[in-house]
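Q: From first to last, the protein sequence lines stand for chains A and B. In this text, residue positions in the first sequence follow my numbering: the first is 31, and each later residue adds one. In this text, residue positions in the second sequence follow my numbering: the first is 4, and each later residue adds one.
What the hints contain is simulated information worked out from the structure, not anything from laboratory work. Check the hints yourself; a few may be wrong.
[What the hints assert, rightly or not] Below, simulated DSBU-like cross-link-like pairs (lysine-lysine); rule was C-alpha separation at most 35 Å, straight line:
1. B/K188 <-> A/K256
2. A/K108 <-> B/K129
3. A/K227 <-> B/K129
4. A/K200 <-> B/K189
5. A/K259 <-> B/K188
6. A/K46 <-> A/K77
7. B/K44 <-> A/K108
8. A/K227 <-> B/K99
[Claimed, not checked] Residues from chain A that keep clear of chain B, each with C-beta distances beyond 12 Å, as calculated:
9. Y99
10. N101
11. R119
12. D151
13. A234
[As the list claims (entries may be wrong)] So the derived label-pair ranges between C-beta atoms look like this:
14. B/S91 <-> A/D151: 41 to 49 Å
15. A/G110 <-> B/F57: 34 to 42 Å
16. A/A43 <-> B/P155: 20 to 28 Å
In this text, a Cβ means the ideal position worked out from N, Cα and C, and glycines have one as well.
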Amino acid sequence: MNLTLHIWRQKDARTKGKFVIYKVENVHEEMSFLEMLDILNEQLIAKNEDPVAFDHDCREGICGCCSLYINGRAHGPKRGITVCQLHMRHFKDGDSIWIEPWRARPFPVLKDLIVDRAPLDRIMQAGGYISARIGSAQDANTILIDHDTAESSMDAAACIGCGACVASCKNASAMLFVAAKVSHLGQLPQGKLEREKRVLAMIAQMDKEGFGGCTNTKACEAECPKEIKITHIARLNREFLRASVV
Amino acid sequence: MGWFIRTFYSSIGKKLIMALTGLFLCSFLSVHLMGNFQLFKNDGGAAFNHYSEFMSTNPLIRILEIGMVIGFALHIFDGIRLWLLNRSARPVGYAKNDAAANSTFFSRTMIYSGGIVFVFLAVHLKSFFVEHRVLGSELTMYQSVVQAFHDPVYSLFYVAALVLLGFHLNHGFQSAFQTLGMNHKKYTPLIKFLGLMFSILIPLGYATMPLYFLLTK
């Protein structure tokens, strides 16, 4: 199939960017979206032009690097996947595709489609860890966790920190990301010890980075490639209230 | 006091204020609607006038009135503050954004539905509160209602604003519980159902009043 791409090009963080139109021909429906961009870049390199910069790493849906806003949706039109898992069979010949970077004040564009997601790392550094010494590896099942709690914690632990929640939220809120981390660590016996300190520190850092607030539109839940639910945001709210008031 | 300010200054604290005041205002909507239904008693407005006299003179109600004004003020002030803050979190928007694919129209337009309800509130207070309690109108409250709703433009403005109130409640009611940390498969479907009913029945109940007086008196 032949496609027309409208791609955001920006030299660096300080330069103003703009959309540039590219034509790609002979795209196979078996290709992933990133492979289609690889072909475009090969064409650009052959013509001695600057290839389009985009983030990618694992190409199997677990690293969270491929942060592209495709046709108005984070990670494109399909639910529950990253861009590397988006295949060209979901597009048709002659389509126009708009490709933009994540847009949020805390995520400055570094080049073309690559944004700086360091704010998410700084939120993790503020409290997304367990500092209590739990000793060396011990026998299995010495710390008992009931099945439902383990499952709920694991659901939250699926977060890959891609930032699709921030990108798709109309307020550029990082609430689902923070909720996933607080919910993942705070439900387990090892993480429970620091739950109050953790939630207060992570929320304080989240606010400091300039993310917006949550207005419960659920856009994040719909666009999260790991389909993390906003029930975790409700838990984050409870944890915050508990740590602040109780 | 430090923890209090820190809590309500944070992004979650601001949401908590919206949720708590929002639910408080929902209780006001219910009470106000129930009282107003006395307009339909076929006694030339005697019951309604008696009720409005009670509401404006009873000391307990007057004290609660202060709470209501604070509730409105906090909800409006905090809502605008959050809106500005949230807007500033994305200075450069998307060229193409398919928001309808991941969220409801009602959830994305709270500031607009709320804004129109605020304009309505100002007009409504001018017509009834200011006329009677500040300027001391010679008409009874019932006569004022009949006179006001006799004007089709005024009545239809009420109905339009009530539709927007319904939009606002459609997202706001159930959203408040999520903000308060209440989201569970056991009771969230019930909250959502109650929210939908509330957002339909409350504006519908209010809309019967301008329509009744417009069409019958």
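Q: Going back to the hint list, which numbers does this structure go against?
A: Numbers 2, 3, 7, 8, 9, 10, 13, 14, 15 and 16, in rising order.
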